[in-house]
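Respectively, the protein sequence lines represent chains A and B. FYI, my numbering numbers position 110 of the first sequence as 227, with every residue one higher than the one before it. FYI, my numbering numbers position 98 of the second sequence as 215, with every residue one higher than the one before it.
Check the hints yourself; a few may be wrong.
One copy or two, it doesn't matter: identical chains are merged, so the pair holds either way.
[Claimed, not checked] When the alpha-carbon atoms are kept at most 20 angstroms apart in a straight line, the in silico DMTMM-like pairs for lysine to aspartate or glutamate are as follows:
id	residue 1	residue 2
1	Lys282	Glu255
2	Lys412	Glu456
3	Lys180	Asp196
4	Lys316	Asp413
5	Lys536	Glu353
6	Lys455	Glu160
7	Lys515	Asp378
8	Lys437	Glu527
9	Lys144	Glu160
10	Lys374	Glu503
11	Lys374	Asp435
12	Lys536	Glu315
13	Lys187	Asp378
Hints in this document: simulated from the structure, not taken from any laboratory. Quick caveat: nothing in here was measured; it's all calculated off a predicted structure.
Number of protein chains: 2
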Amino acid sequence: MKKINTSPLSGMQELLPTEQAIFDQLKQNISDVYHHYGFLNIETPIIERTEVLLAKAGGDTEKQIYMVSKTDESADSADQALRFDHTVPLARYVVEHNNDLVFPFQVTQINRNFRGERAQRGRFREFYQCDCDIIGREKLPIAYDAKVIACIHDALKTFNLPEMKIRISNRKVLAGFLKAIDAESKATEISSIIDHAEKVPLEKSRAALEALQLSAEQVEKVIAFMFTKGDFTTVEAKLSEILGNLDTVREGLDELKAVFDILNAKEGMSDIEIDFMIIRGLDYYTGTVYETFLKDYREIGSISSGGRYENLAGNFTDQKFPGVGGSIGLTRLFFVLKETGLLNMTATKPIDYVILPITNNEFAASMQLASKLRKDGKNVDIDFSERKLGDKFNRAGKIANYAIVIGETEANSGKYTAKNLETGETIEL
Amino acid sequence: MKKINTSPLSGMQELLPTEQAIFDQLKQNISDVYHHYGFLNIETPIIERTEVLLAKAGGDTEKQIYMVSKTDESADSADQALRFDHTVPLARYVVEHNNDLVFPFQVTQINRNFRGERAQRGRFREFYQCDCDIIGREKLPIAYDAKVIACIHDALKTFNLPEMKIRISNRKVLAGFLKAIDAESKATEISSIIDHAEKVPLEKSRAALEALQLSAEQVEKVIAFMFTKGDFTTVEAKLSEILGNLDTVREGLDELKAVFDILNAKEGMSDIEIDFMIIRGLDYYTGTVYETFLKDYREIGSISSGGRYENLAGNFTDQKFPGVGGSIGLTRLFFVLKETGLLNMTATKPIDYVILPITNNEFAASMQLASKLRKDGKNVDIDFSERKLGDKFNRAGKIANYAIVIGETEANSGKYTAKNLETGETIEL
Chain A
118 MKKINTSPLS
128 GMQELLPTEQ
138 AIFDQLKQNI
148 SDVYHHYGFL
158 NIETPIIERT
168 EVLLAKAGGD
178 TEKQIYMVSK
188 TDESADSADQ
198 ALRFDHTVPL
208 ARYVVEHNND
218 LVFPFQVTQI
228 NRNFRGERAQ
238 RGRFREFYQC
248 DCDIIGREKL
258 PIAYDAKVIA
268 CIHDALKTFN
278 LPEMKIRISN
288 RKVLAGFLKA
298 IDAESKATEI
308 SSIIDHAEKV
318 PLEKSRAALE
328 ALQLSAEQVE
338 KVIAFMFTKG
348 DFTTVEAKLS
358 EILGNLDTVR
368 EGLDELKAVF
378 DILNAKEGMS
388 DIEIDFMIIR
398 GLDYYTGTVY
408 ETFLKDYREI
418 GSISSGGRYE
428 NLAGNFTDQK
438 FPGVGGSIGL
448 TRLFFVLKET
458 GLLNMTATKP
468 IDYVILPITN
478 NEFAASMQLA
488 SKLRKDGKNV
498 DIDFSERKLG
508 DKFNRAGKIA
518 NYAIVIGETE
528 ANSGKYTAKN
538 LETGETIEL
Chain B
118 MKKINTSPLS
128 GMQELLPTEQ
138 AIFDQLKQNI
148 SDVYHHYGFL
158 NIETPIIERT
168 EVLLAKAGGD
178 TEKQIYMVSK
188 TDESADSADQ
198 ALRFDHTVPL
208 ARYVVEHNND
218 LVFPFQVTQI
228 NRNFRGERAQ
238 RGRFREFYQC
248 DCDIIGREKL
258 PIAYDAKVIA
268 CIHDALKTFN
278 LPEMKIRISN
288 RKVLAGFLKA
298 IDAESKATEI
308 SSIIDHAEKV
318 PLEKSRAALE
328 ALQLSAEQVE
338 KVIAFMFTKG
348 DFTTVEAKLS
358 EILGNLDTVR
368 EGLDELKAVF
378 DILNAKEGMS
388 DIEIDFMIIR
398 GLDYYTGTVY
408 ETFLKDYREI
418 GSISSGGRYE
428 NLAGNFTDQK
438 FPGVGGSIGL
448 TRLFFVLKET
458 GLLNMTATKP
468 IDYVILPITN
478 NEFAASMQLA
488 SKLRKDGKNV
498 DIDFSERKLG
508 DKFNRAGKIA
518 NYAIVIGETE
528 ANSGKYTAKN
538 LETGETIEL
């Protein structure tokens, strides 16, 4: 009888060991690729000063933040809260340790963040984000934007997913475009309408634009802009058609071309398209923005996104640290891939061998054999329980590939036979 | 100029990337060994219901717990707090998922826990614990106690530490001993005195025992008991001498012998000694208890400890789940090993190759070469920055083993030379 509610809190992911093994493998794959790309791992504390976390945030973030307090409140405890992303702590870290870091600082953080969002299926309040970021001092060449996107792309390729597509844009193009059509003063509202355009019928976007009291011509230009996509030549031509001249968007287009060209030249790259409907939220990013989706599973939404921020730590210091970063939201991604049947769940059993000593007398021989197999990197369990051999085989079959029975004969001879728990075949060790 | 305090909160570990790489390697070593021993990884949420966390706790734990709340408090939010160890969440997990688990359930948890202790050098409020536990249903053979100790021992051996020693005891021996000398009613107080005996002069322990109004004979027997140590034969003889007969301590001694014999028979095992001064705190454990220390660095204290608990989830269910577990407190251990100079800080550089393209024209060739090297499992960075070549070499020397310069000649020929950044030697790739 249960005496207490033992379910995890709502919004928390809790996996059984076999699922956890798959989750861990995906996380390890991401980490390996990030490291192969030269990113260095750091870990910042989960608990931070509230003033650090909320230096820039506001709105939803502030409402969703988990505040922390001790029952035994002592004088030295500042206002504390759980971090809601990796970027704010990274900004603090870079400012705090900048004299000890090597710039461009290529950094990865793979860890849990916390947001008290409204509970909802597929939404998590505690979730892994796998970030990589490159931080420069004063300046950071545009090629790094391509590097971050390429790195995260290669990490996602280890998942063996269906065909991916990367959509990129650049905020400077949008800004230059709005300047050209004389609509800069409504930049925030127009960005928001473009950001949501994919989720609503066109007429609704048009109505929203009209409600901003834009002229009919301005509205048509914004709509033409947001549906502009394709390779660089195509979008440049289309933009030229809409605007007449490209002076105000030149810087953004140059950056976009640089990123597009580098990625296009990369071997084994998925489809990549420039798409001006990509905004990635309302503030924060200042140049490159991108998202990745699965071509045949667009309903899943973006499986990775990121972009360039010209000033990472502006709230903490006057020094300028431009950066570019991207993230895989692994907890959510794992959930939707599982739901959609896209996880390679052919879970290899987590244990290679279970050794089954017949009596206590074979414990020593069992441990010796286990030591040898472990030295070869094998995962080896010894079943010391007092159950019947049949029950032990049954247990072994659930967690392991092979069982090795050790009785007096085997212990004396040192000759062991491993039985494949799937096929029944035996092999001499 | 800093605008805000960017140091991490007091009591939080925050490492530079090179130190973090060493920390991560140690954590990976522990995880590898635990997996080789057949333990399965799980992760429970960091945030739990307060009623779950405090079902048993009290005293210091309750005072040190971090409570969690949302600024935007909604109706569905129960009282929540951050977990302070892995054992309470494990108990909840086992009860919640017991129908889906394979018993004995061999489980590892390597993650952060949180305690708002008074800030103090070397004490952490957010810290990694690397636990392994084996949970049975109804019963769990004593051999598993030896398995947990052997596994953690082998994990610690990967640290290349100076000589270790394992001290083991069994709470049933203590209980039986107190029964034999008719001092059961003062078990808690006497346990506490033995638990602290190592840190105070003998006269202080004696005075504390006398203050319990024990007879002079009882006091001498307790003192003789707590200084009893050695191999099994020695401690059995000594105990027989103190008590006359061994009836009340027989069960405890049998368990102790079983654990001692298995560990002693294990190849590559460090010194192991039975030592009745080992108590490991006041409640919780019910049988085997152990701790590990470094022979020549006793001031560091225990580097790993654990034991048997007869009823893991007694606060959550009437089902019986006996378990045995142990833990490495990695954050503290890393700190003290670093302080004592015992960490192998010969930090291999985290990056194998930094590629230095001379101009933008060599970006494509650089990315191609990087891809090839990454496929061989190498960590490869490309320096896209616009600094002078000398500055780029300087940066590369701080983070990598080799630099590869790519100019027009190299890009055209596809022949590359890697320069060892330590020795200056060059090798053809």
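Each hint tested on the structure:
no.: 1; hint: Lys282 to Glu255; result: neither (32 angstroms within a copy, 53 angstroms between copies)
no.: 2; hint: Lys412 to Glu456; result: within (17 angstroms within a copy, 53 angstroms between copies)
no.: 3; hint: Lys180 to Asp196; result: both (15 angstroms within a copy, 18 angstroms between copies)
no.: 4; hint: Lys316 to Asp413; result: within (17 angstroms within a copy, 67 angstroms between copies)
no.: 5; hint: Lys536 to Glu353; result: neither (64 angstroms within a copy, 42 angstroms between copies)
no.: 6; hint: Lys455 to Glu160; result: between (28 angstroms within a copy, 18 angstroms between copies)
no.: 7; hint: Lys515 to Asp378; result: neither (50 angstroms within a copy, 30 angstroms between copies)
no.: 8; hint: Lys437 to Glu527; result: neither (69 angstroms within a copy, 35 angstroms between copies)
no.: 9; hint: Lys144 to Glu160; result: both (15 angstroms within a copy, 13 angstroms between copies)
no.: 10; hint: Lys374 to Glu503; result: between (68 angstroms within a copy, 18 angstroms between copies)
no.: 11; hint: Lys374 to Asp435; result: neither (31 angstroms within a copy, 66 angstroms between copies)
no.: 12; hint: Lys536 to Glu315; result: neither (55 angstroms within a copy, 50 angstroms between copies)
no.: 13; hint: Lys187 to Asp378; result: neither (53 angstroms within a copy, 46 angstroms between copies)
Of the numbered hints stated above, those contradicted by the structure are hints 1, 5, 7, 8, 11, 12 and 13, listed in ascending order.
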